[in-house]
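Asks: Sequence:
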Amino acid sequence: MLVLVDRDGVLNEDRPDFVKTPEELVFIPGSLEAVARLNSHGYKVVIVTNQSCIGRGLINEERLAEIHGKLHAGLSAVGGHVDYIFVAPDAPWAATEMRKPGAGMVRAALEKFRVRANDAVLIGDTAGDMKAAKTAGCRRILVRTGKGAATQAAGLDRDLLPVRVAANLSEAVRFILDEKA
Numbered sequence: 001m002l003v004l005v006d007r008d009g010v011l012n013e014d015r016p017d018f019v020k021t022p023e024e025l026v027f028i029p030g031s032l033e034a035v036a037r038l039n040s041h042g043y044k045v046v047i048v049t050n051q052s053c054i055g056r057g058l059i060n061e062e063r064l065a066e067i068h069g070k071l072h073a074g075l076s077a078v079g080g081h082v083d084y085i086f087v088a089p090d091a092p093w094a095a096t097e098m099r100k101p102g103a104g105m106v107r108a109a110l111e112k113f114r115v116r117a118n119d120a121v122l123i124g125d126t127a128g129d130m131k132a133a134k135t136a137g138c139r140r141i142l143v144r145t146g147k148g149a150a151t152q153a154a155g156l157d158r159d160l161l162p163v164r165v166a167a168n169l170s171e172a173v174r175f176i177l178d179e180k181a
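Sequential numbering of the sequence shown, starting at 1, is according to this note's numbering.
Since the hints were made in silico from the structure, they are not lab data. Check before you lean on any hint, since a few could be wrong.
Claimed, not checked - Below, simulated DSBU-like cross-link-like pairs (lysine-lysine); rule was C-alpha separation at most 30 Å, straight line:
id, residue 1, residue 2
1, LYS44, LYS20
2, LYS112, LYS180
3, LYS131, LYS112
4, LYS44, LYS70
5, LYS131, LYS44
6, LYS70, LYS112
7, LYS44, LYS180
8, LYS20, LYS180
9, LYS44, LYS112
10, LYS112, LYS20
11, LYS70, LYS20
12, LYS70, LYS131
13, LYS180, LYS131
Work out the full structure, taking the sequences as your base and the hints as a guide.
Replies: The structure is reproduced here in structure tokens:
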């Protein structure tokens, strides 16, 4: 199974002013360990993240690589890793199909790892994450971290259901591992 994970609000704290430096990448407690648990059970883990801070000119791709270097180091420290990171650098006003709620990153991940959509789950904190997963045909888990609680409170469109709701990435991973057992 392929587990697709949004970054901001799921792995790390979401910032209204964007994560622009490695120091601003603050991990949500337990999130790195949750990825390591997926790894230990043989799951491929792929990040699918909108990073409009690039399209807005706030950071460049080299700075994003430094930020993701901190992510890789943090995961490695707990025995985890991600298999790939897909990034949509588009600004919202210049969005391509890659930017969620478009399904481009999800479809690219499915193709890269040769996984059928019904063998993949996307974990995210926004309706856009859920829409990208639904459009691609993947299962969906909404976490209440980041923008998740507000997303849940606002209600999801019926056409996005079913969506499982988890308190955080750790609980979402428990759902996935419990299904496998």
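Asks: If a hint holds in the structure, say so; if it doesn't, say that too.
Replies: These are the hints, each one checked on the structure:
Between LYS44 and LYS20, the direct Cα distance comes to roughly 27 Å. Compliance with the 30 Å bound is thereby established for this hinted pair. In summary, the hint linking LYS112 to LYS180 is supported, as the alpha carbons are separated by about 23 Å, within the 30 Å threshold. Restraint check for LYS131 and LYS112: satisfied, since their Cα atoms lie roughly 20 Å apart, inside the 30 Å limit. With a C-alpha separation of about 20 Å, the suggested pair LYS44 and LYS70 falls inside the 30 Å cut-off, and the hint holds.
Between LYS131 and LYS44 the alpha-carbon distance is near 21 Å, which keeps this suggested pair within the 30 Å criterion. Proximity of LYS70 to LYS112 is assessed by CA-CA distance (about 24 Å); at most 30 Å being required, the pair is judged to hold. Restraint check: the Cα-Cα separation between LYS44 and LYS180 comes to about 14 Å, which is no more than 30 Å; the hinted pair holds. The straight-line distance between the Cα atoms of LYS20 and LYS180 is roughly 37 Å, outside the 30 Å bound, and the hint therefore fails.
For the suggested pair LYS44 and LYS112, the alpha carbons sit about 11 Å apart, so the restraint of at most 30 Å is met. Between LYS112 and LYS20 the alpha-carbon distance is near 28 Å, which keeps this suggested pair within the 30 Å criterion. Between LYS70 and LYS20 the alpha-carbon distance is near 12 Å, which keeps this suggested pair within the 30 Å criterion. In summary, the hint linking LYS70 to LYS131 is supported, as the alpha carbons are separated by about 29 Å, within the 30 Å threshold.
Between the alpha carbons of LYS180 and LYS131 the distance comes to roughly 24 Å, so the proposed pair stays at or under 30 Å and holds.
This entry does not satisfy hint 8, going by the numbered hints stated previously; all others are met.
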